[in-house]
Amino acid sequence: MDALKGFHQNVVTPRARKYLRIIVHCGVYEYLRMPFGIKNAPSHFQRMMNEIFPEELSEGWLIIYIDDIIICSKTWEEHMYRLSRVLTKIQSVNMKISLKKCHFGFKELKALGHVVSGLSLGIDKNKVAAVLLKPMPQNKKEIQSFLGFAGYYRQHIKDFASIARPLYKLCDKDTVFEMTVDRVKAFESLREALTTAPLLLMPDFKLPFKLYIDASGDGLGAALHQVQIINDKPVEGPICFISRQIKPTEARYGASQMECLRLVSGLEKLNYFLEGCDLEVMTDCITFKSLLNMKTPNRNMLRWQIAIQEYRGNMTIAKKM
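The numbers in full-length UniProt numbering rise by one with no breaks, and the one at position 240 of the sequence shown is 240.
Fair warning: there could be bad hints in the mix.
What the hints assert, rightly or not - Okay, derived cross-link-like pairs now, DSS-like style, lysine-lysine, Cα gap no bigger than 27 Å in a straight line:
# : residue 1 : residue 2
1 : Lys-158   : Lys-206
2 : Lys-89    : Lys-100
3 : Lys-89    : Lys-134
If you're looking for bench data, these hints aren't it; they were derived computationally from the structure.
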């Protein structure tokens, strides 16, 4: 559901009206309702919505992003009950809803550039199609715009940091703009990755996770997977991809140290998925386990051991097949 002209439904307090005055030749006017374009309007409106639906938000089945309201349910009966609760509260505060922007009873919907269902999260292909029609970037500003768009979907793209590295280097202040062969290849690879990105499974926190850690030549990467029962069959699929570039000091690490760094980086970035859950780490370099049990670790290894220790009770390490 979508709130009709959302910000206009937020009443401006008498104290704040003087800050929204407009002076014209025929007089001075004050806004009585929140206008569009005010810097703090989104946060004020979000807080108002959170105060209207505190119980529903805490129960986890209602999602509100500014003026967009999403109701999640497992059954039709449950959906009708929850919809009734939300509509009752909307009516009680005299909020108006844009009926033409409402969609009821759908198994999937488009939200914030994604296609969301009860099982998966995908990229909205209509958003990507507009970017594919654009020509090769001709200046740094266009490169930055493309990287901003692609970066929004980086959780869908394996090894995003490694693929995009030449383009990020091109955005450096002292770098002369020139679309070299490796930069053109990076641009084309990112565009292809956006069109072929896999669906991401919705995480089930009652099931164990698999963390595939990997490093290409100039980046760290990890892929969080899970095996779920879909259509009565076990299916393994990705939950999220993460990646970052290797720092100059990290480039000197040996294979085992690099594998520890990959693991720690993955655990830190995916902490909100993994905390309290069973985890199986899949790696190419099984020998790095000996580093985790060093009696006299150096400073880096000690820090990594402490970071990993939080998960040791629920974590097993296995070699990739």
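Is the Cα-Cα distance between Lys-89 and Lys-134 27 Å or less? Between Lys-89 and Lys-134 the Cα gap is close to 44 Å, so the pair fails against 27 Å, i.e. violated.
With a cut-off of 27 Å on the C-alpha distance, tell me whether Lys-89 and Lys-100 pass. 20 Å, holds
Taking 27 Å as the top limit, are the C-alpha atoms of Lys-158 and Lys-206 close enough? 25 Å, holds
Figure legend: structure checked against the earlier numbered hints; the only hint not met is number 3.
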